[in-house]
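Build the full structure now, drawing on both the sequences and the hints.
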Amino acid sequence: MATGDLDKSAFQHYVGQDFVYLGFFMRAYELTLAKCEGEGMAELNPCSGLHATTTTTTTANTTTQNALLQVREALSGFIEGVRVEMGVQVGYAASWGVELSEVEASPATLAYTGFLIEVASSPDTSVAHVFAAMAPCARLYAFLACQLAGAHGGTWHASPYAHWIASYSAREYLDLPALSERLLDGMGTDADEGALAALYARAMVLELAFFDAQPLGLGKGGAEGGLEAA
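For what it's worth, our numbering labels the leading residue of the sequence shown as 1, then goes sequentially.
Do not take every clue at face value.
What the hints assert, rightly or not - Quick list of simulated restraints, FRET-style, between CB atoms: (1) F143 to R83: 22 to 32 Å; (2) E104 to P160: 22 to 32 Å; (3) L100 to S167: 31 to 41 Å; (4) S122 to G91: 12 to 22 Å; (5) N66 to L100: 39 to 49 Å; (6) G194 to G87: 19 to 29 Å; (7) Q70 to W96: 15 to 25 Å.
Everything labelled a hint here was simulated from the structure, so no lab data went into it.
Each residue gets a CB set at the ideal place from its N, CA and C atoms; glycine is no exception.
Laid out in structure tokens, this is it:
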């Protein structure tokens, strides 16, 4: 992508799959926001584990309410951010000749989105569980874009894929995974750590599989498979 050698058809395929993925990703955030609608008390609300001790004191209740408000505001911002990102993908689709209405989700896309929706919709999961499952997406995108920009200096600006690299390596975007991870760090308890780590690891495996499933036809000879060709 940074050198511009990635075949057009490979990027077209990615744009279609990413658009499908983003629709489910936004739905998962919406389901997570719904988990935060409730009484505001830790034992009654799926937003439990926000490091606020549940007591009847005014101070503890206020702390919990503030934590809930912070998470709700962040989720609303994430949802709006995904809407904007989907708009960008619509623009990509138009400029790259991708008919989004004809895109069929690949097995890797279905596996990843199915996992996210399952975690987000389960009555047995907390907001912390969903954050753990969703955090790897933005983090890996940020990592890849920054790696591409850093490894190729300023030469990537001449690539037809420069907008993608610039978008996902921009400070405005990098703030999103940082915020998600900061909120996740403030959720849960030691008892949840193993479950959260397992969800994060599973999501990262599925995220990597999503990228590995994209065809990587290269302009110089062509190639298939893997992030190594990025």
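Outcome of the hint check:
no. : hint                     : in the structure
1   : F143 to R83: 22 to 32 Å  : holds, 23 Å
2   : E104 to P160: 22 to 32 Å : holds, 25 Å
3   : L100 to S167: 31 to 41 Å : violated, 18 Å
4   : S122 to G91: 12 to 22 Å  : violated, 34 Å
5   : N66 to L100: 39 to 49 Å  : holds, 40 Å
6   : G194 to G87: 19 to 29 Å  : violated, 38 Å
7   : Q70 to W96: 15 to 25 Å   : violated, 38 Å
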